[in-house]
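From first to last, the protein sequence lines are chains U and S. What the first sequence shows, in the working numbering, is residues 52 to 442, in sequence order. What the second sequence shows, in the working numbering, is residues 54 to 189, in sequence order.
Because the hints were derived from the structure by calculation, they are not lab data. These numbers were taken from a predicted model, which means no experiment stands behind them. Be aware that one or more of the hints could be misleading.
Now the stretches of chain S that chain U is said to cover, found in silico as 3 or more residues with beta-carbon under 8 Å [what the hints assert, rightly or not]:
hint, region
1, 58-66
2, 78-86
3, 89-101
4, 111-121
5, 151-157
Beta carbons are placed, not taken as given, at the ideal position from N, Cα and C, and that holds for glycine.
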Amino acid sequence: MTEAVIAGVGESKIGKVPELTTLGIIVDAALKAIADAGLKVQDIDGIILHPAFHMSPRYHIIVAETLGIYVKTLADTEMAGGASYGLALERAKQAVESGLCKNVLLVGGEKLATGHLSGSAMMASVGAHNLDWEYPYGATIPSYYALLAQRYFHETGATEADLAEIAVMTRRHAGRNPRATYRDPITVEDVLASPIISSPLHRLDCSLVSDGAAAYVVSAKGASGDPNREVEFLGIGQAQSYYHMGQLAEGAGDGRHDLVHTVVDVAGDRAFAQSGLSRDDIDVAMIYDSFTVTVAVQLEDLGFAERGGAGAFMRDHGDLGGKLPINTHGGLLSFAHPGACGGMMSFVEAVHQVRGEAEDRQVAGAEVALVTSASAVASNFTVSILGASRA
Amino acid sequence: MGTIHRPLPTITPDHVRFWEAARAGRMELQRCNDCGRFWYYPGPVCHYCSSRDFTWTPVSGKGTIYSHTVLERAKGNPFEDDVPITIVLVRLEEGPVMMSNLIDYEPGELRIDAPVVVDYERVDDEVTLPVFRPAA
């Protein structure tokens with residue numbers, strides 16, 4: 052059976068990129084990923100893209116036309132916000148392993164910092180959340196996560212200071228990354244002193260608003276320019292619940308999931324079962340960090356941290372040299388958050404780590420990386436376990 | 054709390070009855086004639102058992118706070134000048150959980166499990182939104 056690998060990754064300039072269009076940064080990331088895989092544009096026969104804010108719903112075709120990819124045997128969109136490119140990765144893997152495609156390009160990019168729209172006004176144009184039953188009450192994306200955080204505190208006894216530890220450690224990692232947007236160290240006190248966006252979440256609990264694009268190429272094992280740099284799929288899973296917060300809180304009636312107990316455990320169990328690995332085998336983790344609380348519930352639901360203990364876990368074990376270095380590039384909180392494709396940058400970092408190419412951020416001897424992606428109100432997840440080439 | 058510049062819901066045949074009731078100062082939800090449960094938000098079939106057999110039924114309008122937040126910054130949204138806005142998830146006595154606003158409350162009354170009761174904010178001729186205030 053053909054086995055799929057991540058053959059190459061690429062990122063555009065990130066942060067504020069006024070000199071390039073959205074199409075410009077997307078094409079830049081795509082060409083870098085294709086070159087990183089040692090392939091030519093003409094080798095690509097599949098494309099998946101999340102046509103996000105102010106894009107045509109057929110933007111994947113525009114990107115393919117721009118790049119000159121005439122015949123595609125897979126050309127589609129994946130629209131699940133930050134989880135899109137975790138979901139797309141599973142589709143690309145299946146496409147390669149079934150023989151549908153040889154090389155699938157996953158690419159996305161947005162200009163949230165210097166584009167047309169800013170802040171949570173974008174929500175209305177996309178309808179990720181319920182426009183009839185939630186938005187009329189003044190709900191913004193941070194307020195959804197704030198409702199999650201408040202309930203999380205209530206059920207676990209965790210505090211704002213616990214969540215702040217996640218922002219603090221993420222910034223420490225960003226300090227080692229010259230490409231990160233914010234690199235100066237911060238303290239728990241800094242987080243708590245930053246303005247409230249939607250209580251109990253402070254500004255430093257929230258991800259950035261950035262320009263940027265990322266891409267990866269999924270190919271058959273051994274088909275890239277350098278099989279030793281191919282990254283293997285050890286396990287991959289997804290699980291999606293609801294967007295509407297009331298229904299999300301109610302769960303499925305089995306007492307297993309609700310607002311605070313997310314379905315990421317389902318995705319994780321699937322990924323771990325496929326890989327045959329245990330939590331202790333993970334060398335480095337990228338945990339989707341749209342907000343600090345997003346990281347907290349995932350670390351706990353995936354079984355890395357005890358209930359209410361995610362902040363302490365991040366502080367005590369999340370640094371370089373710790374038991375589980377987390378978000379070594381600086382995450383959406385400090386590296387960059389160009390919308391949905393921000394989630395791709397976690398995969399790009401994981402690839403760098405297991406290839407041993409993460410420079411000052413390198414986790415010594417990293418061979419296995421776990422990457423999550425998430426969207427909506429911490430209700431849609433993917434978990435991928437990636438491994439260094441065994442070629 | 055002043056009037057919020059609210060983005061308005063689109064009223065469709067699936068839930069016009071909900072909005073008619075709200076205009077009249079009542080909360081009505083669909084109750085399933087098969088499984089007996091109320092659900093929110095209104096829709097064409099029972100959220101729990103997919104039955105099409107339901108009856109629009111008045112509910113008590115009472116519930117408790119499941120979670121809460123005070124939105125302080127909402128740049129780029131139509132209500133950005135209306136902050137702070139207090140958003141709550143309310144678990145209704147009949148079971149479902151809905152998002153709404155809490156109005157006319159003292160600081161100690163914004164807490165999880167606090168009892169609340171429905172009130173109504175008229176937005177325009179068509180839309181009256183159910184909101185909540187602390188139960189007496």
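These are the hints, each one checked on the structure:
1. 58-66: Three-residue rule met by the region 58-66 of chain S, so holds; n is 5.
2. 78-86: With 0 residues in contact (Cβ-Cβ under 8 Å with chain U), the coverage given for the region 78-86 of chain S is violated.
3. 89-101: holds (count 4)
4. 111-121: This one holds; 3 residues, not fewer than the three required, reach chain U with a Cβ under 8 Å.
5. 151-157: Since three or more residues must qualify, the claim that chain U covers the region 151-157 of chain S holds, with 4 doing so at under 8 Å.
In the structure shown, a violation is registered for the earlier hint numbered 2 alone.
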